[in-house]
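Peer 1: Construct the complete structure from the given sequences, taking the supplied hints into account.
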Amino acid sequence: MKKYTNTGNKDTRSGFGDGLTELGKTNPNVVALCADLTGSLKMGDFQKNHPERFFQVGIAEANMMGIAAGMTIGGKIPFTGTFANFSTGRVYDQIRQSIAYSDKNVKICASHAGLTLGEDGATHQILEDIGLMKMLPGMTVINTCDYNQTKAATIAIAEHHGPVYLRFGRPKVANFTPEDQKFVIGKANMLNEGTDVTIIATGHLVWEALQAAEQLEEKGVSAEVIDIHTIKPLDEEAILASVKKTGCVVTAEEHNFLGGLGESVARTLTQNFPAPQEFVATQDTFGESGTPEQLMEKYGLNAEAIVKAAQKVLKRK
Amino acid sequence: MPNTQQLEDFVTQVRRDILRQVHKVNSGHPGGSLGCAEFFTVLYQEVMDRKEGFDMDGKDEDLFFLSNGHISPVFYSVLARSGYFSVEELNTFRLIDSRLQGHPTTHEGLPGVRIASGSLGQGMSVAIGAANSKKLNGDDHLVYSLHGDGELQEGQNWEAIMYAAAKKVDNLIATVDRNHQQIDGCTDDVLPMGDLTAKFEAFGWDVVEIKDGNNISEVLEGLKEAKSRTGKGKPVCILMTTVMGHGVDFMMHTHKWHGVAPNDEQLEKALSQNPETLGDY
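Heads up: the sequence lines are chains A and B, in that order. Going by the numbering used here, the first residue of the first sequence is number 20, and it counts up by one from there. Going by the numbering used here, the first residue of the second sequence is number 2, and it counts up by one from there.
The hints are simulated quantities; they were obtained by calculation from the structure and are not laboratory data. For glycine and all other residues, C-beta sits at the position ideal for the given N, C-alpha and C. Possibly wrong hints are sitting among the right ones.
Simulated restraints, written as ranges between beta carbons of each label pair [what the hints assert, rightly or not]:
no. : chain 1 : residue 1 : chain 2 : residue 2 : range
1   : A       : 302       : B       : 120       : 48 to 58 Å
2   : A       : 20        : B       : 98        : 53 to 63 Å
3   : B       : 154       : A       : 304       : 34 to 44 Å
4   : B       : 233       : A       : 141       : 41 to 51 Å
5   : A       : 71        : B       : 280       : 26 to 36 Å
6   : A       : 197       : B       : 109       : 42 to 52 Å
7   : A       : 237       : B       : 138       : 58 to 68 Å
8   : B       : 190       : A       : 70        : 44 to 54 Å
Capping the alpha-carbon separation at 27 Å, the derived lysine-lysine pairs in DSS-like fashion look like this [what the hints assert, rightly or not]:
no. : chain 1 : residue 1 : chain 2 : residue 2
9   : B       : 168       : A       : 67
10  : B       : 169       : A       : 67
11  : A       : 44        : B       : 60
12  : A       : 67        : B       : 136
13  : A       : 22        : A       : 206
14  : B       : 136       : B       : 225
15  : A       : 44        : A       : 67
16  : A       : 44        : B       : 225
17  : B       : 136       : A       : 44
18  : A       : 44        : A       : 334
19  : A       : 21        : A       : 191
20  : A       : 191       : A       : 263
21  : A       : 191       : A       : 22
22  : B       : 225       : A       : 67
23  : A       : 263       : A       : 317
24  : A       : 334       : A       : 238
25  : A       : 191       : A       : 327
26  : A       : 29        : A       : 206
27  : A       : 264       : A       : 191
28  : B       : 52        : B       : 25
29  : B       : 225       : B       : 168
To be clear about the criterion: a stretch of chain B counts as covered by chain A if any three or more of its residues have a C-beta under 8 Å from a C-beta of chain A, and this derived list gives those stretches [stated by the list, open to error]:
no. : stretch
30  : 50-63
31  : 102-116
32  : 123-129
33  : 134-147
34  : 151-164
Peer 2: Quick look at the structure:
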């Protein structure tokens with residue numbers, strides 16, 4: 020199988036921060052808003068380089084979303100930064116009415132998504148945000164897998180007109196996608212071609228899916244690995260082409276199995292090509308405190324869990 | 002520039018439009034709409050510097066945001082009669098396939114509307130954002146917004162009020178329609194908001210009061226005064242006392258017409274108190 024090299028662990032949020040720094044230089048209409056988490060979101064460089072285009076709103080996320088919506092009037096492209104929990108659930112109605120329904124060109128950039136936020140525990144570990152955001156008409160939903168992809172996505176969404184939810188995380192994780200890989204919204208990345216089972220992963224689970232594919236290869240199973248960074252609009256063509264070939268699928272995400280990538284894939288298959296599917300995702304539960312590794316193991320969100328799911332789904336073919 | 006009689010005629014016609022819109026579909030919010038007829042008329046006919054036509058960015062012109070979106074009938078009437086779309090379109094208020102949704106939206110592309118509102122408490126943040134955008138663009142035009150007094154019970158307003166003063170958003174004039182009524186009754190019975198002047202001042206705003214928001218001259222003076230206070234480092238608030246249901250005797254001084262349409266007989270009586278001036282649609 021195709022070999023991927025981790026060029027050194029890096030956090031996806033730094034990919035966002037560096038992408039924003041780049042946009043600061045290249046796009047004068049980009050403005051950034053932050054709700055007292057500049058350091059966590061790595062927005063410090065943008066703030067330092069462009070103080071006139073940086074808006075510290077304090078711990079007031081609802082106001083931040085409204086201000087961002089208003090700033091699009093006059094041609095600005097606002098990027099909001101706070102944790103995923105405070106970027107979605109806390110401000111759902113503000114996003115729904117002032118941004119999504121009003122078709123405002125706001126980029127909602129959300130760090131510390133999912134269990135890998137770690138020790139802070141369930142109050143901060145949102146596992147429902149993909150569902151919340153993908154249900155909003157017109158909202159593009161992106162969950163990036165590594166530093167390079169997050170940086171590329173940050174730059175790419177500035178060129179896309181319309182509201183975007185960009186989800187990334189806190190910990191340092193493998194950085195393995197090519198630095199120069201163009202980010203195309205809505206286009207899946209085929210990482211490894213295989214014939215027995217399709218593994219469709221998003222976010223931090225993409226690297227785990229590659230590890231799982233290696234382990235499966237040792238067991239004589241040929242796994243196709245697809246990185247779905249854009250959950251909405253979903254690359255249904257890539258998914259269907261793969262599942263028609265392999266006949267079964269495992270979806271993997273750091274999110275509740277209700278409302279996440281897995282459900283979007285299941286709907287696509289049900290409508291077009293019904294096939295057995297297993298879900299590597301949290302099972303309608305909140306998280307808890309712990310290290311990211313401990314949590315991903317406890318809640319079944321790692322390579323081992325993907326291998327088990329693949330073996331299970333293969334028997335259902 | 003229209004004279005006072007022309008403005009009075011405009012207001013009377015707007016009241017007729019409000020009543021006829023809600024009566025036709027037996028739904029909508031006449032009370033607050035009637036109370037704000039003078040404010041909208043003066044704002045759009047006298048005060049705002051507006052360009053011909055409509056584009057979303059609204060550069061080089063004053064902007065207005067309606068936060069308490071349920072008073073859409075008065076907004077639609079004044080937008081139509083200010084040339085944003087034909088007055089005949091008021092016939093489609095709240096009907097299927099209409100651009101005149103129950104609450105204002107940008108979704109159907111109605112000229113004059115720049116944000117959806119209806120879920121309360123969001124408009125001030127949006128107005129601040131638009132004001133920030135104007136400053137970044139070197140555009141010295143102003144941003145106006147309107148809020149219900151009951152709406153101030155929504156916490157997001159106070160985030161916005163704190164922000165606007167702290168960040169010196171001094172190209173914003175936010176008006177509060179102080180009609181002392183909300184759906185469940187008097188604001189003082191539902192949730193008293195105390196001394197709003199003191200509250201806004203404590204947050205660092207410059208406050209102008211319009212004691213009779215149903216008097217055209219007072220509204221005009223108040224808006225002019227507010228305008229003169231912009232650009233001085235503080236956001237400006239107008240606390241404007243109005244009478245809900247103003248202009249229709251049986252609808253005044255009560256919350257009961259907040260979201261209830263008149264029947265045929267009531268409409269006839271209400272219209273007789275507001276004779277046709279500029280021509281019905």
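Peer 1: Hints broken by the structure, by number, lowest first?
Peer 2: 1, 5, 16, 18, 20, 22, 23, 27, 28
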